[in-house]
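Enquirer: Chains A and B, in that order, give the protein sequences.
Okay, so the first sequence: first residue is 1 according to my numbering, each after it adds one.
Okay, so the second sequence: first residue is 1 according to my numbering, each after it adds one.
FYI, nobody ran anything at the bench for these hints, they're computed from the structure.
In this text, all values refer to a predicted model and were calculated from it rather than measured experimentally.
Certain hints may be false.
With beta-carbon atoms standing in for the labels, derived distance ranges [said to hold, decoys possible]: (1) B/PHE268 to A/PHE275: 19 to 25 Å; (2) A/LEU131 to B/LEU50: 21 to 27 Å; (3) B/LEU117 to A/TYR65: 42 to 48 Å; (4) A/ARG224 to B/TYR199: 21 to 27 Å.
For glycine and all other residues, C-beta sits at the position ideal for the given N, C-alpha and C.
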Amino acid sequence: MLDYLARRLAVSALVLLLVSLIVFAGLRFLPGDPARVLAGTEADDVGVEAIRERYGLGRPLPVQYAAWLGQVLQGRFGESIRTRDPVARIVGHKLPITLQLAALALLVATGIGIPMGVLSAVRRNSVWDWLANAVSLSGVSIPNFWFGMLLILLFAVDLHWLPASGYVPPLEQPWENLQRMLMPALVLGTALSAYLMRQTRNSMLEVLAQDYIRTAYAKGVPARRVIVRHALRNGLLPVITILGLQAGDLISGAVVTEQIFVIPGFGRLILEAVFNRDYPMVQGVVLVTCTGYVAVNLLVDLAYSWANPRIRVRGGGRGG
Amino acid sequence: MADEALKESGPARAPMPEGSRAAGWRFALGRVSRGGKRLLLRPLAAAGALAILAFVVLALTAPWVSPYDPASADWAQVRKAPTAAHWLGTDEIGRDLLSRLVWGARASLLAGVCSVLIAMALGVPAGLLSGYYRGWTDGVVMRLTDAWLSFPFLILAVGLTSIVGASLLNATLAVGLGVTPAFIRLTRGQTLALREEEYVQSARAIGAGDLRIVLRHMLPNLTSVLIVQATIAIPRAIIAESVLSFLGLGAQPPQASWGIMLNAAQPFLDQAPWMAWYPGLCIFLIALAFNLAGDGLRDALDPKEY
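Start from the sequences and build out the full structure, keeping to the hints where you can.
Expert: Written out as structure tokens, the structure reads:
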């Protein structure tokens, strides 16, 4: 296990190093002088020289990269070109908002996807199976930002049940916060639940075909107990991995969802940074996101190998 | 006895598609076209294929079938609900929505298909290289793929746009790069398996070069898997392009694109909901069509059914 852990950690570190290299190189690929880019469009020549001096942009690239990486490892991502606030602090402010959205969406996704997947596997080729497949096929085909607009049209414009958009902090007005988060969480959650349902169904079908399930039935274990105790425990294991991989979709989806429902979270921060040409912010946001994604998948893999000894012993596993 | 022996050896003497120059390809194309025929026997998949065809025809004939110029504003007709003159209504500066919808099919299909082609052009050679040579080549390609995959798609697209600027072409590139790892992994996995096949081993035994083995013997056997993967990737690419255009990272106004139309519709959801209905419906329908066809194709090309 320790051996596996060490190897898995090393691979993740290597991947993140590559990511940092790509992010670092990205800024250098910009047309023009990086110092001028970092100084922002309004800066004069003195300002540009000050930035060049400060970030050591006159030095050779490998030296610059090492220095930059050193800063980043200490959590210093530079300052926003716009507001001159530290990028790390802004990210720290915005992240909890998106994490709440993501958590609620995950709740929706697993709440819909897993039961639907299990039901359609257990009642294979029944009306339920057919219905679940139709729903998930529509789910993967529908652009979720459009689905969000339809929800706004129905629940906010026509029925006046829910506010169309906006955000209030959960600690100050918990009820109002939940009301406003309901539609975004639904939009983001349903986007994930379609894939989740398919994966759960496949995984459950595989497990249900195993000998030990037949044995359980044969020795007279009630069907409900066979499914819950024998099939679910093994069938849901691969689904954990899918959830980890979907963390990426969750982040992408959050960007779009926050845009539609005007939630001032991490996703809107990314878009604003791009449109403002706030490159230190873009770099910081991309690095934080990728690190988070790699960390989530590392944790998921470790949890998976802990729960499934076969992986541990064989020492296989997925990178990333 | 002799008869028995003849019968026994019968199947083995069935014409094997080896030997002739393009045999591998002819065999693969035969399998694909047989799969295509089986596809049309499945009603849902056939409906999907027909819907794709309809969208393609619409996109190709856009200049002739769209009733108005998609870019010409008519300030007397701003945000009008559907009428006899404008079947689907007009947008915020009085452009005909139906015409923009038809032209938007061009942008979406072009972006969807081209990004997947880009992904295949990058991913298939990388996967072949990685799976065929294994060793350190494989290590390098796979670690790079891992690093690539640790950029969530939209973050990758956002980062790229911030460097190269927002346009339909760049969005297509970004989507293509986002889809590439899937093709690398798929091709690599298949290549690793094909490597151990007898016909590959025997090709090597008779002295065929690496390039010949890969192009003549392995790639043809990858075609059906790649076609299925492409059919599944295209709807995602189309949705991804519409997301990017919706966010302002893809096609730029006044170009007609479904994502842009939805972006324009958002501020007027309560006053002009028809602006939001149809572009989204089109994205949904075309994605559904590809997904139906893709599911059918996967079942039809599944080698297990031979």
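Enquirer: A separate judgement is required for each hint: does it hold in the structure or not?
Expert: Results for each hint:
1. B/PHE268 to A/PHE275: 19 to 25 Å: Taking Cβ atoms as reference, B/PHE268 and A/PHE275 lie about 21 Å apart, which means the hint holds.
2. A/LEU131 to B/LEU50: 21 to 27 Å: holds (24 Å)
3. B/LEU117 to A/TYR65: 42 to 48 Å: violated (34 Å)
4. A/ARG224 to B/TYR199: 21 to 27 Å: The hinted range 21 to 27 Å is violated for A/ARG224 and B/TYR199, with Cβ atoms some 50 Å apart.
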